[in-house]
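> Next come the chains, spelled out residue by residue.
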Amino acid sequence: MDIQFTEEQELLRSSVRRLLRDRYDFDARRKIVASEEGWSRQQWQEFAELGLLAAPFSESVGGLGGGELSTMIIMHEFGRHLVVEPFVETIVLAGGLIERLGSEAQKQVLIPGIADGTSIWALATTEKGSRFDPADVTTAARREGQDYVLSGEKAAVIGAPWANRLIVSARTSGHRHDRSGVSLFVVDRHAANLHLQSFRTIDGRRAAEISLNNVRGELLGGEGEGVAALEACRDRAIGALCAEMVGAIGELNDATLDYSKTRKQFGVTIGAFQVLQHRMVDMFIAHQEALSLMQHLNLSLGAGEAGISRLASGAKSKIGYAGKFVADQAVQIHGGMGMTDELNVGHYFKRISAINIQFGDPAYHVLRYAQLGAAA
Amino acid sequence: MELALSPEDAAFRDEVRAFIKDNYPAEMRVPNPETDLSKEQMLLWHRILHKKGWVAPLWPKEYGGPGWSITRRFIFEQETSRAGTMPPLAFSVTMVGPVIYTFGNEAQKKKFLPRILSGEDWWCQGYSEPGSGSDLATVRTKALRDGDHYIVNGHKTWTTLAQHADWIFCLVRTDPASKPQSGISFLLIDMKSPGVTVRPIITIDGSHEVNDVFLENVRVPVENLIGEENRGWTYAKFLLGNERTSMAGIGRSTRYIAKLKAIVEAEIPQDDPAHLEFIREIARVELDVLALEATELRVVAQMARGIDPGPAASLFKIRGTEIFQDITALTHRAIGNYGLAIREHPGSANHFVPGPDYGHTASEKYLNSRKLSIYGGSNEIQRNIIAKAVLGL
Numbered sequence: 135m136d137i138q139f140t141e142e143q144e145l146l147r148s149s150v151r152r153l154l155r156d157r158y159d160f161d162a163r164r165k166i167v168a169s170e171e172g173w174s175r176q177q178w179q180e181f182a183e184l185g186l187l188a189a190p191f192s193e194s195v196g197g198l199g200g201g202e203l204s205t206m207i208i209m210h211e212f213g214r215h216l217v218v219e220p221f222v223e224t225i226v227l228a229g230g231l232i233e234r235l236g237s238e239a240q241k242q243v244l245i246p247g248i249a250d251g252t253s254i255w256a257l258a259t260t261e262k263g264s265r266f267d268p269a270d271v272t273t274a275a276r277r278e279g280q281d282y283v284l285s286g287e288k289a290a291v292i293g294a295p296w297a298n299r300l301i302v303s304a305r306t307s308g309h310r311h312d313r314s315g316v317s318l319f320v321v322d323r324h325a326a327n328l329h330l331q332s333f334r335t336i337d338g339r340r341a342a343e344i345s346l347n348n349v350r351g352e353l354l355g356g357e358g359e360g361v362a363a364l365e366a367c368r369d370r371a372i373g374a375l376c377a378e379m380v381g382a383i384g385e386l387n388d389a390t391l392d393y394s395k396t397r398k399q400f401g402v403t404i405g406a407f408q409v410l411q412h413r414m415v416d417m418f419i420a421h422q423e424a425l426s427l428m429q430h431l432n433l434s435l436g437a438g439e440a441g442i443s444r445l446a447s448g449a450k451s452k453i454g455y456a457g458k459f460v461a462d463q464a465v466q467i468h469g470g471m472g473m474t475d476e477l478n479v480g481h482y483f484k485r486i487s488a489i490n491i492q493f494g495d496p497a498y499h500v501l502r503y504a505q506l507g508a509a510a
Numbered sequence: 017m018e019l020a021l022s023p024e025d026a027a028f029r030d031e032v033r034a035f036i037k038d039n040y041p042a043e044m045r046v047p048n049p050e051t052d053l054s055k056e057q058m059l060l061w062h063r064i065l066h067k068k069g070w071v072a073p074l075w076p077k078e079y080g081g082p083g084w085s086i087t088r089r090f091i092f093e094q095e096t097s098r099a100g101t102m103p104p105l106a107f108s109v110t111m112v113g114p115v116i117y118t119f120g121n122e123a124q125k126k127k128f129l130p131r132i133l134s135g136e137d138w139w140c141q142g143y144s145e146p147g148s149g150s151d152l153a154t155v156r157t158k159a160l161r162d163g164d165h166y167i168v169n170g171h172k173t174w175t176t177l178a179q180h181a182d183w184i185f186c187l188v189r190t191d192p193a194s195k196p197q198s199g200i201s202f203l204l205i206d207m208k209s210p211g212v213t214v215r216p217i218i219t220i221d222g223s224h225e226v227n228d229v230f231l232e233n234v235r236v237p238v239e240n241l242i243g244e245e246n247r248g249w250t251y252a253k254f255l256l257g258n259e260r261t262s263m264a265g266i267g268r269s270t271r272y273i274a275k276l277k278a279i280v281e282a283e284i285p286q287d288d289p290a291h292l293e294f295i296r297e298i299a300r301v302e303l304d305v306l307a308l309e310a311t312e313l314r315v316v317a318q319m320a321r322g323i324d325p326g327p328a329a330s331l332f333k334i335r336g337t338e339i340f341q342d343i344t345a346l347t348h349r350a351i352g353n354y355g356l357a358i359r360e361h362p363g364s365a366n367h368f369v370p371g372p373d374y375g376h377t378a379s380e381k382y383l384n385s386r387k388l389s390i391y392g393g394s395n396e397i398q399r400n401i402i403a404k405a406v407l408g409l
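If you read the sequences in order, they're chains A and B.
Per the numbering used here, residue 135 is the first one in the first sequence, and the count goes up by one each step.
Per the numbering used here, residue 17 is the first one in the second sequence, and the count goes up by one each step.
Since the hints were made in silico from the structure, they are not lab data.
It is possible that part of the hints are untrue.
[To be verified] Within a straight-line C-alpha distance of at most 25 Å, the following computed SDA-like cross-link-like pairs (lysine to any residue) qualify: (1) A/Lys395 to B/Tyr391; (2) B/Lys381 to A/Asn478; (3) B/Lys381 to A/Gly172; (4) A/Lys262 to B/Pro146; (5) B/Lys275 to A/Asn478; (6) A/Lys398 to B/Pro285; (7) A/Lys262 to B/Glu245; (8) B/Lys275 to A/Gly263; (9) B/Lys404 to A/Gly355; (10) A/Lys262 to B/Lys195; (11) A/Lys395 to B/Pro285; (12) B/Lys195 to A/Arg397; (13) A/Lys398 to B/Pro370; (14) A/Lys398 to B/Thr154; (15) B/Lys381 to A/Ala406; (16) A/Lys458 to A/Ala437; (17) A/Lys398 to B/Lys77; (18) B/Lys77 to B/Ser150.
[What the hints assert, rightly or not] With beta-carbon atoms standing in for the labels, derived distance ranges: (19) A/Asp136 to B/Thr213: 52 to 58 Å; (20) A/Ser332 to B/Asp373: 17 to 23 Å; (21) B/Ala405 to A/Asp392: 29 to 35 Å; (22) B/Asn121 to A/Val402: 38 to 44 Å; (23) A/Phe139 to B/Asp373: 47 to 53 Å; (24) A/Val402 to B/Ser194: 19 to 25 Å; (25) B/Phe368 to A/Asp136: 44 to 50 Å; (26) A/Asp392 to B/Asn169: 52 to 58 Å; (27) B/Arg98 to A/Val402: 48 to 54 Å; (28) A/Asp392 to B/Ala403: 55 to 61 Å.
[As the list claims (entries may be wrong)] Which stretches of chain A does chain B cover? Using the computed rule of at least three CB atoms under 8 Å from a CB of chain B, they are: (29) 196 to 203; (30) 285 to 294; (31) 325 to 333; (32) 336 to 347; (33) 470 to 479.
Don't be surprised by glycine CBs; every beta carbon is placed ideally from N, CA and C.
When you get a sec, could you build the whole thing from the sequences and use the hints?
Written as structure tokens, this is what we have:
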């Protein structure tokens with residue numbers, strides 16, 4: 135099942151790798167995170183110039199046609215460098231939804247701005263108490279002429295303070311959990327009556343609580359198509375986040391192994407202790423399995439295989455647990471140093487913890503994997 | 017679960033309980049006392065306990081301790097921890113105090129012990145160094161004799177709350193030629209001495225609890241040496257034994273489990289399959305606490321009969337810290353998407369933290385508690401101790 139990457143894909147990987155090596159080392163990232171905005175528009179523009187923001191889109195909408203595998207390659211490298219810029223939010227989530235749901239006009243108008251880096255998006259679907267269920271929506275959308283007006287509250291929207299557009303889920307019919315009554319809307323983030331309260335996230339990014347009070351929204355896709363579209367979009371986001379997680383796991387393993395070969399206690403390097411050797415072997419195995427599942431998932435996403443949601447949940451769970459194990463042990467083996475803000479290890483730990491919340495934690499997804507299996 | 021108590025001990029327990037209820041300062045009930053309180057606020061309870069004569073349960077009566085039996089010490093520990101009170105600074109009361117009254121001379125006892133009891137002096141611990149974490153015997157901080165002073169040079173690290181400290185007790189190397197353990201001395205250093213610099217270390221939860229302490233040509237009077245020169249390792253080991261006794265943390269874990277249950281009930285509807293999953297996870301960790309509590313009670317009962325507990329402290333440290341890490345991880349998971357948020361440090365009143373109040377410190381507790389399996393002798397070291405001392409391996 136090992137992927138034979140094409141020449142183009144190898145080129146993509148090496149160019150992302152080079153850019154990040156030159157421009158996105160840990161100190162550069164620290165400066166970006168500490169900046170007023172908390173992300174780098176300049177960096178984003180460089181991603182655009184390199185073609186990363188256009189890579190996954192199909193050629194018919196002005197993309198490079200790289201699909202899920204290009205996203206995987208990019209996110210794997212982003213995971214190694216803890217890139218904070220909103221690639222998943224803007225490209226995979228918003229871009230993916232627009233490409234699959236949008237009208238011809240919407241695609242022609244919205245995707246070029248995404249691909250050239252001028253337009254930043256966030257996905258506002260979670261609400262207080264909705265946890266990981268995209269059908270749990272109380273924000274309401276009411277038709278008014280050609281458009282809709284939205285009222286309600288969205289919770290913990292990642293990247294919202296950076297975005298100029300949002301995709302918001304809102305109820306056009308049915309009760310709170312009704313799957314068929316949820317629709318998606320494009321909303322101007324700076325619209326009047328849209329209020330945003332920003333906060334920092336554990337992984338050095340920004341998110342916001344959003345309240346909408348009669349905010350104009352443009353329907354994306356058909357009425358009632360929201361939940362199915364969000365679930366499909368979540369599968370692709372999981373493919374991307376799993377790649378990011380595997381990138382982070384690999385870095386943690388390398389760092390831990392290096393440290394264990396230099397750190398001396400009791401007259402020997404700590405890597406000489408068998409208990410730590412075995413633990414690092416388990417970390418290595420976790421990385422190998424996670425890498426394999428990441429490839430398997432993204433290949434299957436690209437091929438549009440049936441039952442992809444089940445595989446996505448399985449991968450999110452398995453890779454999530456692998457990430458947690460590796461992150462815990464990387465901190466433990468680094469000792470006090472692993473607890474400091476100064477060293478990168480703790481920052482990988484926090485990014486892995488955040489991925490394990492986004493779109494559902496590993497326990498949620500193992501259950502979903504079981505349920506989708508029973509239903510099949 | 018309770019120890020079988022005599023009527024007198026039961027009355028004592030009730031007295032402790034009532035005293036806490038009537039006297040624990042409300043302003044100390046903040047989400048995270050270690051990082052949210054000022055030095056003066058942290059000392060409020062200390063001073064109240066001092067006035068009552070209860071600030072140093074471990075200490076013999078002649079030095080100002082309450083003269084309690086092992087059972088009463090345990091009852092006090094249990095009640096204060098169950099009530100969620102912030103204990104008096106361990107570095108002063110539990111660590112350096114007993115070293116001073118056990119190995120110090122009369123002048124040192126007279127000078128330091130009353131000030132520890134009153135809270136006048138705040139102590140921090142100068143043990144770890146960048147190259148000496150688990151392997152403390154390799155400390156490199158040097159103390160060279162110069163007349164009636166030592167000249168101390170070195171770098172101590174992970175020094176908890178050194179930013180508040182008046183004094184630091186240090187392991188220093190006085191004989192570089194001898195074997196690692198035998199060239200170490202135990203020195204008390206005034207933090208106001210010229211040449212002492214404290215630099216904050218920010219941890220992954222964003223808080224400032226620990227520090228680097230740099231010692232550059234610090235002149236320390238010889239009278240601040242504890243016991244004999246080059247015998248410091250003995251005193252250090254004595255102190256570490258005290259450090260690890262109360263690490264089972266049953267009271268704390270029990271309180272956090274109660275809080276976790278309330279969060280799960282508020283966050284996750286009963287018909288959500290995640291509800292059952294959390295109920296099961298909580299039950300599992302409750303059983304972990306129950307088993308550890310039973311073990312602790314068994315050990316306390318044995319100690320009350322005069323049986324040496326051996327390295328039971330290592331068992332408590334391993335399980336107590338791992339259990340608390342599990343609880344903080346579950347709590348962080350229970351608050352769902354708000355687990356992404358984290359309070360900013362230093363906290364400011366107008367800073368926005370999203371979501372229900374009960375979740376506001378979940379992220380930092382989760383991150384901060386990763387330290388528990390590392391500090392105070394890593395859990396790997398504790399396992400080595402049991403392997404060697406109990407299993408004879």
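> Confirm or reject each hint.
Hints, one by one, checked against the model:
1. A threshold of 25 Å between alpha carbons decides the hint, and for A/Lys395 with B/Tyr391 the separation of about 21 Å falls inside it, so the pair holds.
2. For the hint pairing B/Lys381 with A/Asn478, the CA-to-CA distance comes to about 20 Å; that is within 25 Å, so the pair holds.
3. About 24 Å separates the Cα atoms of B/Lys381 and A/Gly172, which keeps this hinted pair within 25 Å; it holds.
4. With a C-alpha separation of about 45 Å, the suggested pair A/Lys262 and B/Pro146 falls outside the 25 Å cut-off, and the hint is violated.
5. A threshold of 25 Å between alpha carbons decides the hint, and for B/Lys275 with A/Asn478 the separation of about 32 Å lies outside it, so the pair is violated.
6. A hinted pair counts as satisfied when its Cα atoms are at most 25 Å apart, and A/Lys398 with B/Pro285 does not qualify at roughly 50 Å.
7. With a CA separation close to 62 Å, the supplied pair A/Lys262 and B/Glu245 exceeds the 25 Å bound.
8. At roughly 18 Å between alpha-carbon atoms, B/Lys275 and A/Gly263 fall within 25 Å of each other, so this suggested pair holds.
9. Taking the CA atoms of B/Lys404 and A/Gly355, the gap is near 67 Å; set against the 25 Å cutoff, the hint is violated.
10. A hinted pair counts as satisfied when its Cα atoms are at most 25 Å apart, and A/Lys262 with B/Lys195 does not qualify at roughly 61 Å.
11. Between A/Lys395 and B/Pro285, the direct Cα distance comes to roughly 49 Å. Violation of the 25 Å bound is thereby established for this hinted pair.
12. Between the alpha carbons of B/Lys195 and A/Arg397 the distance comes to roughly 21 Å, so the proposed pair stays at or under 25 Å and holds.
13. Distance check on the hinted pair: A/Lys398 and B/Pro370 sit about 43 Å apart at the alpha-carbon level, beyond 25 Å; violated.
14. Simply put, A/Lys398 and B/Thr154 have alpha-carbon atoms about 10 Å apart, close enough for the 25 Å limit, and the pair holds.
15. Of the supplied pair hints, the one linking B/Lys381 and A/Ala406 is violated, its CA atoms being roughly 32 Å apart against a limit of 25 Å.
16. The hinted pair formed by A/Lys458 and A/Ala437 fails the criterion: a straight-line CA distance of about 29 Å is larger than 25 Å.
17. The straight-line distance between the Cα atoms of A/Lys398 and B/Lys77 is roughly 44 Å, outside the 25 Å bound, and the hint therefore fails.
18. With a C-alpha separation of about 34 Å, the suggested pair B/Lys77 and B/Ser150 falls outside the 25 Å cut-off, and the hint is violated.
19. Take A/Asp136 and B/Thr213: their Cβ atoms lie about 54 Å apart, and the range 52 to 58 Å holds.
20. About 19 Å separates the C-beta atoms of A/Ser332 and B/Asp373, a value consistent with the hinted range of 17 to 23 Å.
21. Take B/Ala405 and A/Asp392: their Cβ atoms lie about 33 Å apart, and the range 29 to 35 Å holds.
22. Between B/Asn121 and A/Val402 the C-beta distance comes to about 39 Å, which sits within the given range of 38 to 44 Å.
23. Judged by the Cβ atoms, the range 47 to 53 Å given for A/Phe139 and B/Asp373 holds: they are separated by roughly 49 Å.
24. In this structure, A/Val402 and B/Ser194 meet the distance hint of 19 to 25 Å, their C-beta atoms being roughly 21 Å apart.
25. Between B/Phe368 and A/Asp136 the Cβ separation comes to about 47 Å, which falls inside the hinted range of 44 to 50 Å.
26. Under the hint 52 to 58 Å, the C-beta atoms of A/Asp392 and B/Asn169, about 30 Å apart, miss the expected range.
27. In this structure, B/Arg98 and A/Val402 break the distance hint of 48 to 54 Å, their C-beta atoms being roughly 43 Å apart.
28. In this structure the supplied range 55 to 61 Å is violated for A/Asp392 paired with B/Ala403, their Cβ-Cβ distance being about 28 Å.
29. With a cut-off of 8 Å between beta carbons, the stretch 196 to 203 of chain A has 0 residues touching chain B; three or more are needed, and the interface restraint is violated.
30. Here the stretch 285 to 294 of chain A counts 3 residues with a CB under 8 Å from a CB of chain B, which clears the bar of 3, and the coverage holds.
31. Only residues whose C-beta sits within less than 8 Å of a C-beta in chain B count toward coverage, and the stretch 325 to 333 of chain A has 3 of them, enough to reach three; the restraint holds.
32. Counting residues of the stretch 336 to 347 of chain A whose beta carbon lies closer than 8 Å to any beta carbon of chain B gives 4, which meets the minimum of three for the stated coverage.
33. Here's how the stretch 470 to 479 of chain A fares: 6 of its residues keep a CB closer than 8 Å to some CB of chain B, so the rule of at least three is met and the hint holds.
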